[in-house]
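*Asks:* Using the sequences plus the hints, can you model the full thing?
Protein sequence lines, in the order shown, are assigned to chains R and L. Counting in our numbering, the first sequence runs from 1 upward without gaps. Counting in our numbering, the second sequence runs from 1 upward without gaps.
Source of the hints: derived by calculation from the structure; they are not laboratory data.
Simulated pairs of lysine to any residue, SDA-like, Cα-Cα distance not exceeding 25 Å: (1) Lys-151/R <-> Leu-177/L; (2) Lys-34/R <-> Leu-234/R; (3) Lys-10/R <-> Lys-251/R; (4) Lys-109/L <-> Ser-72/R; (5) Lys-156/R <-> Arg-201/L; (6) Lys-64/L <-> Glu-49/L; (7) Lys-156/R <-> Ser-172/L; (8) Lys-156/R <-> Gln-190/L; (9) Lys-156/R <-> Ala-176/L; (10) Lys-156/R <-> Arg-290/L; (11) Lys-34/R <-> Pro-12/R; (12) Lys-139/R <-> Ala-42/R; (13) Lys-34/R <-> Phe-263/R; (14) Lys-139/R <-> Glu-179/L; (15) Lys-156/R <-> Arg-194/L; (16) Lys-156/R <-> Glu-135/R; (17) Lys-251/R <-> His-217/R; (18) Lys-10/R <-> His-217/R; (19) Lys-156/R <-> Glu-179/L; (20) Lys-10/R <-> Lys-34/R; (21) Lys-109/L <-> Val-121/L; (22) Lys-109/L <-> Leu-69/R; (23) Lys-156/R <-> Pro-198/L; (24) Lys-151/R <-> Arg-194/L; (25) Lys-139/R <-> Arg-194/L; (26) Lys-64/L <-> Gly-252/L; (27) Lys-139/R <-> Leu-177/L; (28) Lys-198/R <-> Ala-176/L; (29) Lys-156/R <-> Arg-193/L; (30) Lys-156/R <-> Leu-177/L.
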Amino acid sequence: MSSDANLPIKKPEGEIKLETHDLSLYYDGFHALKNISVYIPARRITALIGPSGCGKSSFLRCFNRMNDLIQSARVTGEVLIDGANVYDRTTDVAALRKRVGMVFQTPNPFPMSIYDNVAYGPRLHGIRERSALDEVVEKSLRGAALWDEVKDTLRKSALDLSGGQQQRLSIARVLAVEPEVLLMDEPCSALDPTATFKIEELMIELMENYTIVIVTHNMYQASRVSQYTGFFLLGDLIEYGDTVQIFENPKDQRTDDYVRGRFG
Amino acid sequence: MSSAQRAWEWFVGKVIRLSGAMAIVFVILIFAFLLRDALPLLRSASLREILLGDTWLPTSEPPKFGMLPLVLGSLYVTVGALIIAVPLGLATAAFISEVAPRWIQEILKPTVEVLASIPSVVFGFLGLLLVGPWLMELLDLPLPVFAGLGSLMLAFMAMPTIVSVAEDAIRSVPTALRENSLALGATRWQTIRRVVIPAARSGIIAGTLLGLGRAIGETMTVLMVTGNAAVIPEGLVGILRPVRTLTATIAGEMGETAYATPHYHALFMIGLILFVITFLTNTIADIAVRRSGGVAQ
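*Replies:* In structure tokens, the structure reads:
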């Protein structure tokens, strides 16, 4: 096993949805992501693991340019979606974020009704017609496995839902804008095991139509749901590959230590 | 604890309690005082005549104490002020907290607060000598003093209150809500309008009502620029004609009123009406602020 130089990244087979080339991210002087190059396959779940502060969330936020909101953040290198550079000067960031949806660590429903939460995105993007909105809302809530629980209380405040329901609502809200990619930033860290199980089941269902990238602290979760896994450490992508291989037969000593729970 | 310490603790406790009680005592005393000097008016005119009468001629024979023109005058000027100040104040607050870069924030915030420290007589002065004549010419008005001019001047005086309360409310909307909205492909403006402002709604209402309280109680400016004609304003064009407000009536007539005459009591009745109005707006503002705590956590 080597443990000094990073391993060359092997391109997964099949269609590639997202890729980065020599991607670096700086917060002021701090080099938070170091020359990351990776290929993320379409309609698969890719998990990003690593200890806190390793840069995996920052990495995730490059794909929908949420790092733009941090004034000190600066990005170099390329981030491609279907071959087009996300950081190109001509990119319409709002349109990009419509294609690349994001589910955050803690669910944050807007202080409005369940219906209005889900209809928020479609309304932004110009759907006004009542019947069309009804349809999107139902479809999205069904997609997020929440419909049966809320179909009679769509007019109630979303803030009254439980944590697990709120997180599924966040997912429904993202599905409603019909993205191609779902970025999930530790979506289960605030949830109990039952709710976590539901979200994981849901992710596997969603995989048929969406490219999913999930950041997780929970290695069991990564091994349960993902087909590909990347291991981050101190801003470096140490190892990336098939999930089974990463967990059972890692090539790098540091990956081995981490997945066996020796640190982190 | 020594007995000296204990005595000191007891003493401090009492002083603090007394100070707290003072505020309430003063409010009650003012209210009682207003009641005492206002109620005797009911011997000269019925409540119906006072509140709904359309003529204010307190020194004619027989005197007429219809306060409707004054109430409507105040209403015109105040509502006009809010129509100008609320959108402007809200936009300013949103700009300061959501859009402006840091260095502009740091200039703009104190500048808006300086508006609050300009004496009201200065606003009156500006309105009377500068803005009024200019608007008269521009809009081809009969007089350089009118309700809308008071509204305009009051709007600038109410703005700092609206801006600072609304800005606090907007600032306290969690960043995560903004991020969620942006991540769904909303633009910054869509996020402000559809998520941030609705989430800050209660605080914005509170700021508006506090601004309203300020506007309705303002005296000097409106005395100088609204023309002091105690007539019922007619329709929308009334905003461009002279009116007289409740406050200006008290300030203008108190000096020439004999003690304990019906006219004297009538002015206290006006004071009582003002007190009730501002008390109600402040109470509603207070309730709105309390509710805002529970909306966006």
